Each structure stands twice: as C-alpha cells, then as structure tokens.
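Q: Given the coordinates of chain D, work out where chain R should sit on it, guided by the hints.
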Amino acid sequence: MRIIIALSLLALPCAAASHASSAPEAIVEQMAGQALDVLRDKSLDVDTKRERLEEIVYRNLDFDTLSKLVMARNWRKLSAAQQDEFKREFKKHLSATYGDNVDNYRNESVQILGRREEKRGDVTVKSKIVRGGTDDVMVDYRLRQREGDWRIIDVVVEGVSLVANFRAQFQDIMSNGGADHLLELLRAKNLDKVAPGA
Amino acid sequence: MRTAALVAVLCGALLLAAVPARAAQDDPWEGFNRAMFTFNDTLDRYLLRPVARGWIFITPQFARTGLDNFAANLRFPIVVVNDVLQWKWRRAGEETGRFAVNSTIGVLGFVDVARRWGLERQLEDTGQTFGVWGIPSGPYLVLPLLGPSNPRDTVGFAADSALAIYPFFVGAYTYITTGYAALNTVNQRALIDDDLESARKAALDYYVFVRDAYRQRREALIRDEVGFDEDEQADLYDVPEDDDLYDVPEDADEEK
Chain D
1 MRIIIALSLL ALPCAAASHA SSAPEAIVEQ MAGQALDVLR DKSLDVDTKR ERLEEIVYRN
61 LDFDTLSKLV MARNWRKLSA AQQDEFKREF KKHLSATYGD NVDNYRNESV QILGRREEKR
121 GDVTVKSKIV RGGTDDVMVD YRLRQREGDW RIIDVVVEGV SLVANFRAQF QDIMSNGGAD
181 HLLELLRAKN LDKVAPGA
Chain R
199 MRTAALVAVL CGALLLAAVP ARAAQDDPWE GFNRAMFTFN DTLDRYLLRP VARGWIFITP
259 QFARTGLDNF AANLRFPIVV VNDVLQWKWR RAGEETGRFA VNSTIGVLGF VDVARRWGLE
319 RQLEDTGQTF GVWGIPSGPY LVLPLLGPSN PRDTVGFAAD SALAIYPFFV GAYTYITTGY
379 AALNTVNQRA LIDDDLESAR KAALDYYVFV RDAYRQRREA LIRDEVGFDE DEQADLYDVP
439 EDDDLYDVPE DADEEK
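Sequence order for the protein chains is D and R.
Mapping the first sequence onto my numbering, position 146 (from 1) lands on 146, and the numbers just tick up by one.
Here my numbering runs 198 ahead of the position in the second sequence, where the first position is 1.
Same shape as in the complex, but just chain D (with noise of 0.2 Å):
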C-alpha cells in the first residue's frame, strides 16, 4: 500500500524552474521550493493553489516527451490530430491530478539527496519528501535536455515510475478498445474532477 501513497504524492514537489538552462538538481530545487511556497501559503484559496500548482507543472515536465514515453509504440497507431488531443488531454490529466492534492498538504518538505547520470544522457536527481511522523518518501526525478531546457520526463516514487505505469494502463486499454476508447476515457477523466463515489 505504500505504492499508492508513495504515487499519489507525486503532487507536492512539482513547482517551476525560471532558469531553464540551470543544472537538473537546480531545477528540482527550486521547482520544490516553489511548489511548497503556494501549498503554505494561508493568503491562498484552494482554487488559486490548485492553478499555481498546476502552471508549475506545466513548466517543468516535458509534456511532448512524455505522451510519447507513455504510449510508446502505440504512439504510431494514433493519427496526429489523436497525437495531438492525447498530449493535450494527458497534459490536462496529469496537471488536475497533482493539483488535487493541494487538500492533502501536510507539512511536508522536500530536501534534494544527488544526482546520477542515466543513459540517453538523461539526469536522474533524488529527492525525498519528509513528512514528520511517518517514513519519507523517496522521489527521483528523471530530466533530459531537449532545445537547452532540462525537463521532467518521469517522477520515480518509491521505485515506481510513473512512466512504466501509465505505460501499462494505456498498453491495456490500446489493446481492448483502441484509441478512440483510451481518449475517450481521458477526457471523460477530465471533466469529472469529482471522485465517484466516494
């Protein structure tokens, strides 16, 4: 069960990088301290957070790289105009997702433990997320460079990465109802920001 807080927590240090041409732990850093800025700040209704949180993210995850790491080889059965509504709307999921959390800040904090070089020339920068009481949670961010920037393209929590498991999902959903079901699910996500249920 610590998967699911540990994935669910992905939310709080996604904050921004001004300085797009900063070293990856820089970017990490500051995205962290920023994200934790708008969450602590009394001043700030939930909605205003909720969008701050959101612009953050925006900013800092390579959103083009992203929708195509996820979908991978069915990256090339969807249509451009697919390509396109599927980055928008994952884009879209994603964003509402950590902004949702905003509910659930509870003093955390962040601290950046170091950085490994990956393949591809990607970075992997290793944080954790200390929660007073119970046990910190590992994040590690992986960032590669596209046009100078270093952006996010996976956020590993507790040794799962968001990738492999969006991966998963879309690889199964692809497979029984195709594209037109897989973005009829997303926007469908979209729109109902409410749990059911619950």
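Hints listed in this document are in silico derivations from the structure and should not be mistaken for laboratory results.
Given the structure is predicted, the values throughout are model-derived calculations rather than measurements.
A virtual CB, placed ideally from N, CA and C, is assigned to each residue, including glycine.
Don't take each hint at face value.
[Claimed, not checked] Far from chain R by the CB rule (all over 10 Å, computed), these chain D residues: (1) A26; (2) G33; (3) D47; (4) K87.
[Unchecked claim] Chain D regions said to be covered by chain R (calculated; three or more residues, Cβ under 8 Å): (5) 54-63; (6) 94-104; (7) 116-123; (8) 151-161; (9) 167-177.
A: Chain R only, in chain D's frame:
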C-alpha cells in the same frame, strides 16, 4: 490475522500447483483477478473506508501514528529473520536495536524513538527474501480481502503471519488478536486514505494501475533500492521515432 494466514496458506498451496513454470509478466489470471479486485474495492468503498473515515474523525493524528508505530514494532521478528535470511547482518543488528529502544524508551513501540536517532523503519518480509533468493514471483494474483499479491508473496505473507510477535503472547485469547488485527486494519486504511483517493482519481484503469504499481514496488523492495531499474524495461525511455513507422512492432508482451 491467523485466519488470514490460514486462508493465505491454503490459497498459496492451491495456486502454487497451478503456477506456470516461466516467470510470466503478463496476467494469465486476469479474469479471476479483476473479479477479486472489484470485490475488494467494493468492500473498501462501502465498509472499510467509511469505518476508517469514522476512525479519523474520532482520533487525533498522533494516535493513528502511534498505533502504526506499535504495529511496526511488532513486526520485529519478521524483519530480523528476513534480514538474516538475506545475509544482511548489519541491518538485523540495527533492527534489534530499534526494537530494544522503541519497546522501552518508545513506550511499547508507540513512539518511534529510533527513527530520530537515524535508524529508519525496515520493510523486509519473507516474500522479498524469496525474491532475493531468485524465486520467481509467479503471475499477478489478487487475494480476497488481502489485495494485490502473487504466489511467492502469498506464501511469504503466510510465513510473516506465523512470525508476527503478538500471537505468541495472546494466542490463547483470540478476541484480543482478532480485535487488534481489526483495529490495525482500520488504522492502516485510515493512514492511506488521502493517497488512495488520489490514486483512484489519477488512474485511468485502476486495476492496471494497482497491478503495475504493486509489481514495480515489490521489485524495488527486493533490490533494496528506490530507483527504477532501467534494465527491467530497456525501452522505457526510448521515444518512438516517426521513421520507425514501418518497423514490425515487437511482440506485445516484450517485457520478458
């Protein structure tokens, strides 16, 4: 927990017989699994979650954390035995230190004093030990009431239940162990309530979300590393190129 253990052993025994020899990464029991998953999920929505919400309402955060610490402290024999079985003697020593400190200064384990001294809680279990020994997990398996697992972890869970400390002390008083198990279940559920709700919102296919997260997490725990193991899925960070258009797509289950 005793009953749970028994169920687990029985399921494990029955299913191990049926496990295909190869380490399947796919989900051959998906039909059964999805049915069980829906059953568990429904039970959670209509019974466990409401009870856990009530528990959150009537208890302060420190009480829930304290009970969680107490439960973690009772896992001492499970952790230490598995540290040794994985030949991690230093970690076994650390866990013994944790148990000694937390059981005394930490008031029967309710306060995790050792963590403040730099000795983090360990998440070892017998399923992980089997993994370290190279025993394949077998197919994904959703157990009734217990949730995501696989034959290897099911057998591991049964062993863990036998190793847990409290049955030795209050085994004669079933209502104490049962009551504790029930309370602990509610408390554990309460601790992850926010997270579970976000996960339900984030997932497009909640079943696959949980299945994949379970697999990834167990593998990370077995490696004792929090990072993602790229070798497990070598193409994970390859961007599909447009000029691959006419390549023959690889087998759908390329994950070995």
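Q: All the hints need checking, so say for each whether the structure fits it.
A: Hints, verified against the model:
| no. | hint | verdict |
| --- | --- | --- |
| 1 | A26 | 20 Å, holds |
| 2 | G33 | 22 Å, holds |
| 3 | D47 | 17 Å, holds |
| 4 | K87 | 13 Å, holds |
| 5 | 54-63 | violated (count 0) |
| 6 | 94-104 | holds (count 5) |
| 7 | 116-123 | holds (count 5) |
| 8 | 151-161 | holds (count 7) |
| 9 | 167-177 | holds (count 8) |
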